[in-house]
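Asker: The primary structure of each chain is shown beneath.
2 protein chains.
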Amino acid sequence: MEKYKIQFFPDNKVIEVEKGATILSAAISAGIHINSSCGGDGVCGRCKVIVKKGQVASLPTGRITLEERKQGYHLSCLSVAQSDVEVEIPKESRLDSRSISEDDSYMLRLKGIFSEPVDVDKGESVVSEEFFIHSPLATKLFLKLPKPNLDDKISDLERIYRVIRAFQDIPVLQTGIANIRRLGELLRTSDWEITVTLGKRNGTTEIVIVEPRDTSGRNYGFAFDIGTTTISGQLIDLNSKKILGTKAAFNKQASYGADVITRIIFAHEPDGLEKLHHVVIDEMNRMIQELTVEHAIDLNDVTCCVCAGNTTMIHLLLKVDPTYIRREPYVPTANFVPVIRAAEAGIKLNPRGLLGCVPGVSSYVGGDITAGVLACGMDKTEKLSLLIDIGTNGEIVLGNKDWLISAAASAGPCFEGSGVTCGMRASKGAIQKVKIDPATFDVQYETIMKVAASGICGSGYIDIITELLRAGIIDRSGKINGSLIHKRIRDGEYGKEFVIAFKEDVGTTGDIVINEMDIENLKRAKGAIYAASSMLVRHMDLSFDNLEQVFIAGGFGTSVDMANAIAIGLLPDLPSGKFFFVGNSSLIGAREIILSHDALFDADAIAKQLTYFELSVEPNYMDEYVAALFFPHTDLAKFPNVRF
Amino acid sequence: MEKYKIQFFPDNKVIEVEKGATILSAAISAGIHINSSCGGDGVCGRCKVIVKKGQVASLPTGRITLEERKQGYHLSCLSVAQSDVEVEIPKESRLDSRSISEDDSYMLRLKGIFSEPVDVDKGESVVSEEFFIHSPLATKLFLKLPKPNLDDKISDLERIYRVIRAFQDIPVLQTGIANIRRLGELLRTSDWEITVTLGKRNGTTEIVIVEPRDTSGRNYGFAFDIGTTTISGQLIDLNSKKILGTKAAFNKQASYGADVITRIIFAHEPDGLEKLHHVVIDEMNRMIQELTVEHAIDLNDVTCCVCAGNTTMIHLLLKVDPTYIRREPYVPTANFVPVIRAAEAGIKLNPRGLLGCVPGVSSYVGGDITAGVLACGMDKTEKLSLLIDIGTNGEIVLGNKDWLISAAASAGPCFEGSGVTCGMRASKGAIQKVKIDPATFDVQYETIMKVAASGICGSGYIDIITELLRAGIIDRSGKINGSLIHKRIRDGEYGKEFVIAFKEDVGTTGDIVINEMDIENLKRAKGAIYAASSMLVRHMDLSFDNLEQVFIAGGFGTSVDMANAIAIGLLPDLPSGKFFFVGNSSLIGAREIILSHDALFDADAIAKQLTYFELSVEPNYMDEYVAALFFPHTDLAKFPNVRF
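Protein chains in written order, with my numbering: chain S, 33 to 676; chain B, 33 to 676.
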């Protein structure tokens with residue numbers, strides 16, 4: 033078989049591939065990530081590369097403009113090398129995999145349950161202590177054991193058990209043989225002063241780690257939210273409950289498909305499951321590595337982690353075949369995953385450290401929703417509450433302490449900054465707040481960490497659409513007014529476009545724009561979420577007016593202008609005091625669980641209690657959705673307070 | 033470093049060793065076992081080899097006769113190669129490692145609690161069912177799961193849990209990630225008909241194995257007794273409770289030291305623990321392999337094993353450092369060892385199969401004693417009972433259901449056929465019953481499986497001493513009457529000796545004899561056991577006459593002539609109806625535990641209840657022991673019914 037060398041820039045990596053391999057698959061083999069939302073079907077147009085040298089054969093596509101073609105642009109998924117080639121991956125095709133270690137100051141604002149700014153340096157607790165007693169998944173206990181003598185000769189292991197049980201009545205204590213093997217020498221060389229890490233495992237307590245001397249002051253854990261589009265990880269001091277740092281990155285599984293369905297299909301290909309599993313744990317391990325190095329924490333002192341994610345993400349994390357999630361009757365292998373050793377899933381912390389997964393409800397209502405309900409305390413309140421988690425799947429939960437029901441809307445990843453022309457994750461340089469002068473069309477914006485803009489995040493898009501409507505630049509259907517003549521308004525590849533920032537001003541390779549296709553995508557996303565919320569409320573014979581509190585969760589920015597989110601019809605038209613921006617509720621829930629076993633009990637209860645309302649089989653859903661494909665809605669009576 | 037090749041016969045194995053290595057260490061490195069009771073100190077004289085070719089330098093020893101020296105005999109532990117050499121290991125120096133697969137018919141007689149002959153073909157149960165409900169350590173359950181549908185969409189794992197819990201209320205059910213990973217496909221390819229193996233693990237229940245279709249008819253386990261001198265293994269059908277086969281072999285750890293103390297010391301040498309661990313598990317794996325092949329059983333259907341052994345043996349089995357067992361205050365690492373995966377200890381059955389160890393009491397009262405008490409039902413009876421387990425350590429337990437106390441006497445391995453000139457394990461060819469005509473000194477004997485004699489086992493020695501006393505050939509101190517002239521009586525290397533069988537008659541390389549040193553060893557062994565029994569009974573302010581039943585356990589033969597055991601002063605002089613020969617009580621107890629979780633509970637209770645009487649610190653023990661160094665005893669009033 034003939035082979036060609038493909039050299040990628042700016043990575044400067046070379047890989048040899050067999051004739052016939054696409055540039056995209058070559059990049060994946062080389063460990064280089066190129067954006068791709070359609071799984072290599074040539075549909076999304078996000079995997080553009082520039083061929084610098086050599087011959088490639090490409091299938092025809094409308095996703096490359098004539099201008100781009102002249103510059104050597106190709107869709108990497110449709111292009112096959114015909115010789116050795118050199119390929120450049122332009123900035124816009126590179127996955128935004130920067131961690132947000134630099135902009136922790138931004139993430140700090142998300143630390144409270146309701147994203148009130150919390151100053152960790154002052155040591156404020158970030159978990160609602162009124163709900164949960166502090167009892168981490170893994171607790172360290174420093175023990176000074178009485179030395180054995182001729183009158184007290186019980187064995188080493190029983191000696192430890194005896195002292196632990198003097199602290200607390202633990203009926204089922206377990207210890208693995210690896211710890212038992214080390215015990216004799218360890219106890220005697222440490223003068224009978226040891227630290228045991230007690231892990232909560234499925235109704236039992238395990239002596240997970242035994243260490244010499246007192247290490248009880250050093251006990252750390254990681255909370256993870258494993259989203260379809262974004263992975264977030266948080267290093268937590270399990271003693272002080274302080275968040276020491278947070279990182280987020282795009283889920284590189286996106287290279288294999290934008291949504292869970294395409295990934296489940298990919299998992300069935302040879303090595304598919306392995307690949308999907310490894311890109312996730314590699315990312316998690318990188319976050320663990322970086323955050324522990326930054327905080328000078330020994331990896332051995334990281335004793336546990338808790339992951340929240342949708343059911344497919346958790347299956348892939350654990351390398352469990354997700355095939356049956358998408359086959360009728362849509363049954364996952366496990367919703368309540370037992371606590372296992374993190375190493376069994378390939379996660380690198382203390383080799384004996386534990387991994388817990390937040391329990392899920394069903395194939396399409398995962399532990400991320402359970403964690404979200406937990407984070408908002410919906411299961412504890414009398415108040416009728418609605419949680420809207422705007423992720424790639426828009427997840428909606430309605431209820432209170434007596435009942436909980438959920439629905440899902442296929443929103444797509446736009447509000448996470450994916451699937452839109454100049455979208456980016458809510459990280460450094462993302463345009464997050466926007467004002468447009470209705471007279472001059474001048475644009476004022478604010479970026480995260482106040483550096484030069486490099487793209488637009490979810491909250492930025494909400495503002496932009498509101499401002500475009502307010503300025504009359506777009507109509508309620510989202511079309512840009514063709515009669516307007518302004519330097520910011522022009523024809524583009526995907527309909528008309530409006531320039532938010534010119535490349536000369538911000539130093540990007542292209543202007544930062546929003547075009548009619550972006551607006552269409554955003555409209556569909558908001559429409560799907562609104563329609564789902566509306567259907568769910570109506571299904572329970574309620575109206576939006578009955579809601580006493582509405583929690584908004586998602587990774588679209590550090591905060592959201594609720595009035596604008598109402599104005600575009602994403603959220604129902606309710607008094608602003610009813611809205612609470614939660615941020616990443618899935619991550620908050622995972623953190624609550626790692627910090628408190630009671631929270632895990634509550635999560636179990638939520639997962640058992642939560643029912644699911646399947647929208648796709650509801651005859652009215654499509655009408656409701658189509659009616660929502662206007663800004664704010666076809667029926668303006670639903671938005672009495674929205675005026676442009 | 034200069035190296036020499038050492039070739040061993042009859043194995044025909046060659047090993048290259050560095051100059052200065054002893055022949056014994058070369059043999060050990062080559063995996064060839066040579067008898068050795070003193071750990072290579074040149075004391076026991078059991079490691080004789082014949083140098084056929086080449087030069088060796090040997091330290092002087094009195095253990096090689098002039099005659100032997102002429103024939104090229106050397107003590108392998110004291111001999112170092114000076115050139116390439118060829119060495120023959122004579123029959124008497126080779127460990128008797130023959131398994132007793134050929135003579136199962138003999139072992140069958142040991143199967144009942146009290147060694148009543150049991151015909152397994154008739155399917156008789158061998159465990160006292162009145163005590164224990166049948167509930168094996170690992171139970172197979174065939175499940176026909178209801179298929180999921182749109183109205184019943186709980187996950188695969190919860191579906192299994194739900195059905196199991198419909199059978200039985202199991203609060204804590206555990207499943208490892210390896211089983212969860214297989215679940216989705218396994219359930220669907222087996223049409224939702226699966227067999228789960230439920231294992232009892234430390235207060236929880238684990239789904240140990242999941243298999244397609246109905247395999248519940250095939251569930252097997254192994255009971256092991258791991259003795260200092262002998263390892264016995266038994267294949268058990270966990271459904272029918274039938275014993276399918278038994279094997280026994282010398283514990284090859286003997287190459288590294290005859291008793292637990294020398295082995296604990298050896299464990300501290302480089303790789304010492306590894307070596308001791310591996311020779312045991314290799315033997316166990318060989319037994320498992322052979323018995324499963326003989327009975328056409330798939331190793332995957334062997335789901336668990338239970339081991340009884342003294343505390344040192346269990347530490348070595350699990351590769352736990354035994355160092356602290358022999359250091360004051362004599363504390364083991366664990367007496368109650370959790371149930372682990374057998375593979376974690378290197379035992380090869382189903383890769384996920386379980387290993388349980390019978391709980392022990394202390395460093396010197398191990399799980400073998402707990403198992404023995406369990407086997408005899410001492411913990412259930414009102415009757416005042418004494419258990420004498422005659423192993424390398426003579427273990428004695430006194431008590432009933434209200435209290436239990438134990439003591440240990442260092443008896444040595446003579447009654448197991450080790451440490452005596454012509455001793456052998458109670459296996460095929462062992463002389464087990466002996467009559468000597470007081471007039472003619474003619475010897476009549478019976479061997480196990482009635483083949484030509486190759487040595488003498490414990491019960492044979494008991495008969496021989498009794499008969500020698502009865503015939504006036506030896507006096508009560510064990511000295512052979514020097515005035516007797518008979519072809520069977522002659523001077524030997526170790527004092528006078530009496531020929532039991534001439535080599536011409538049986539085809540051995542030498543005559544089968546008993547000499548004064550053997551008699552001395554046997555006298556010390558029986559004296560130690562008698563003195564310990566006596567001390568223990570007196571310690572409780574009782575006398576032997578108070579005993580209502582006496583259980584005799586040990587590997588000295590298929591049965592013991594109790595009257596003779598009394599005659600030599602091994603057992604107290606009580607009516608024969610009070611004695612019960614149990615056989616290998618440790619193995620029986622292990623079998624009870626593998627067959628019933630209730631038995632494990634009882635064993636836990638026994639181990640917690642059993643107290644220990646430390647003889648070595650008792651001022652009267654030495655007097656008592658010295659007084660017992662006569663046949664039957666210095667004080668004949670203690671044996672009113674013994675007359676010669």
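Don't read these hints as lab results, they were simulated from the structure.
The reader is advised that the hints may include incorrect statements.
Copies of the same chain look alike in the list, so a pair counts if it fits in one copy or across any two.
As the list claims (entries may be wrong) - DSS-like cross-link-like pairs, simulated, lysine-lysine; straight-line CA separation at most 27 Å:
hint, residue 1, residue 2
1, K85, K37
2, K670, K415
3, K467, K433
4, K640, K179
5, K460, K482
6, K176, K415
7, K185, K433
8, K45, K610
9, K640, K185
10, K179, K85
11, K460, K535
12, K482, K123
13, K176, K640
Asker: One pair to classify: K482 and K123, alpha carbons no more than 27 Å apart. Within, between, both, or neither?
Answerer: Answer is within; shortest intra-copy Cα gap is 20 Å, inter-copy 89 Å.
Asker: At 27 Å max between alpha carbons, let me know whether K176 reaches K640 within a copy, between copies, both or neither.
Answerer: between (41 Å within a copy, 24 Å between copies)
Asker: For K85 vs K37, is the C-alpha pair at or below 27 Å within one copy, between two copies, both, or neither?
Answerer: Answer is within: at 11 Å inside a copy they meet the 27 Å cutoff, but 65 Å across does not.
Asker: Quick one: K640 to K179, C-alpha cut-off 27 Å, is that within a copy, between copies, both, or neither?
Answerer: between (47 Å within a copy, 20 Å between copies)
Asker: Within a copy, between copies, both or neither: which one fits K670 and K415 at a CA-CA cutoff of 27 Å?
Answerer: within (23 Å within a copy, 88 Å between copies)
Asker: At most 27 Å between alpha carbons: which applies to K176 and K415, within, between, both or neither?
Answerer: neither (48 Å within a copy, 44 Å between copies)
Asker: With identical chains, the pair K45 and K610 could be close in the same copy or across copies; at 27 Å between alpha carbons, which is it: within, between, both, or neither?
Answerer: Neither. Shortest intra-copy (52 Å) and inter-copy (86 Å) distances fail the 27 Å Cα cut-off.
Asker: Is it within, between, both, or neither for K640 and K185, if the alpha carbons may be no more than 27 Å apart?
Answerer: between (47 Å within a copy, 13 Å between copies)
Asker: Is it within, between, both, or neither for K467 and K433, if the alpha carbons may be no more than 27 Å apart?
Answerer: neither (40 Å within a copy, 87 Å between copies)
Asker: Quick one: K460 to K535, C-alpha cut-off 27 Å, is that within a copy, between copies, both, or neither?
Answerer: This pair counts as within: shortest intra-copy Cα distance 17 Å, inter-copy 95 Å.
Asker: Can you give me the call for K179 and K85, within, between, both or neither, at a CA distance of at most 27 Å?
Answerer: neither (74 Å within a copy, 57 Å between copies)
Asker: At most 27 Å between C-alpha atoms: does K185 with K433 qualify within a copy, between copies, both, or neither?
Answerer: Classified as between; 24 Å across copies, 52 Å inside a copy.
Hint compliance for this structure: hints 3, 6, 8, 10 are not met, and every other hint is.
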